[in-house]
Amino acid sequence: IESGSKDGEEKDVEDPEPEAEPVRFGWVTGVMIRCMLNIWGVILYLRLPWITAQAGIGLTWLIILMSSVVTSITGLSISAISTNGKVKAGGTYFLISRSLGPELGGSIGLLFSFANAVAVAMHVVGFSETVKDLLVEFDAVMTDPTNDIRIVGVITVTVLLGIALAGMEWEAKAQVVFFFVIMVSFVNYFIGTLIPASPERMAKGYFSYRSDIFLQNLRPEWRGESGSFFGMFSIFFPSATGILAGANISGDLKLCSPMQSNRRRPSQSAETWEAGNG
1 IESGSKDGEE KDVEDPEPEA EPVRFGWVTG VMIRCMLNIW GVILYLRLPW ITAQAGIGLT
61 WLIILMSSVV TSITGLSISA ISTNGKVKAG GTYFLISRSL GPELGGSIGL LFSFANAVAV
121 AMHVVGFSET VKDLLVEFDA VMTDPTNDIR IVGVITVTVL LGIALAGMEW EAKAQVVFFF
181 VIMVSFVNYF IGTLIPASPE RMAKGYFSYR SDIFLQNLRP EWRGESGSFF GMFSIFFPSA
241 TGILAGANIS GDLKLCSPMQ SNRRRPSQSA ETWEAGNG
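Counting with full-length UniProt numbering, you get residues 1 to 278 for the letters of the sequence shown.
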């Protein structure tokens, strides 16, 4: 009788609800789109033409090649660290601390977090300046050019904060939308280069494709005290660090299917062997 009453009491106790699984991202939304959005940022749209005007086409290609070599080596290093064991949350901090120790990993990770915050400010200011130029072009200035940049910047940061507070799932959806907007801008850019230049555009310095202008712009033409090769390289290189955007959310990425299929517990393997021999 006592055992029956105990069984009844155990049945009356409600089972705790299972914890909700966190949102996990695959290599497309978790790595590829994030890295592309960070690389195709304000430096590509606003600073690469300025760098080309100073360094010339030849040295600009060299700057891009050097940045690609550095990011390729970094990508191989991340792959080596990631395939050498389980990658936990922490992003760049975890990867560096595993290789160089928690002292260097913590210091570099702290600096990297501040660098990401400064990068957000840089991208927001660049976006606000572009919107300000459009307002001036269409004669829709709100107050004055300087305050318009501040107003647009505050609105942009508020919207981005709301998306971030809504959760990782909404943030990933917003990044997909931004990715398609950038792809449309690329298509618009290449189509615009094929349209013959009008006299109005020529007055602004747009001449479409011309071999004489191309050969003239191959050579550098440094301007100002900061005009140097490594000065231009230091301005462009932050855009190449966008490959770390996927590693920064290492704790929110899915395991790839080959790893999942090969990761079996010893008890499961033993049960399978016994069932096969039974």
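One or more hints might be untrue.
Unchecked claim - Just the calculated beta-carbon pair ranges, DEER-fashion:
no.: 1; residue 1: V157; residue 2: A89; range: 48 to 58 Å
no.: 2; residue 1: E103; residue 2: M142; range: 34 to 44 Å
no.: 3; residue 1: W50; residue 2: E200; range: 20 to 30 Å
no.: 4; residue 1: F230; residue 2: S113; range: 25 to 35 Å
no.: 5; residue 1: L46; residue 2: A166; range: 20 to 30 Å
no.: 6; residue 1: K86; residue 2: S211; range: 47 to 57 Å
Source of the hints: derived by calculation from the structure; they are not laboratory data. Since the structure is predicted, the reported quantities are computational estimates derived from the model, not experimental observations. Think of the CB as a built atom: it goes at the ideal place given N, C-alpha and C, for glycine as much as any other residue.
Against the structure, the hints:
Distance hint check: the CB atoms of V157 and A89 are about 25 Å apart, inconsistent with the given range 48 to 58 Å. Taken as a hint, the range 34 to 44 Å is violated for the pair E103 and M142, whose Cβ atoms sit roughly 49 Å apart. About 22 Å separates the C-beta atoms of W50 and E200, a value consistent with the hinted range of 20 to 30 Å. For the pair F230 and S113, the beta carbons lie near 26 Å from each other, so the given range of 25 to 35 Å is met.
Between L46 and A166 the C-beta distance comes to about 29 Å, which sits within the given range of 20 to 30 Å. Between K86 and S211 the beta carbon distance is about 55 Å. The supplied range of 47 to 57 Å therefore holds.
The structure fails hints 1, 2 (numbered hints given earlier, in ascending order).
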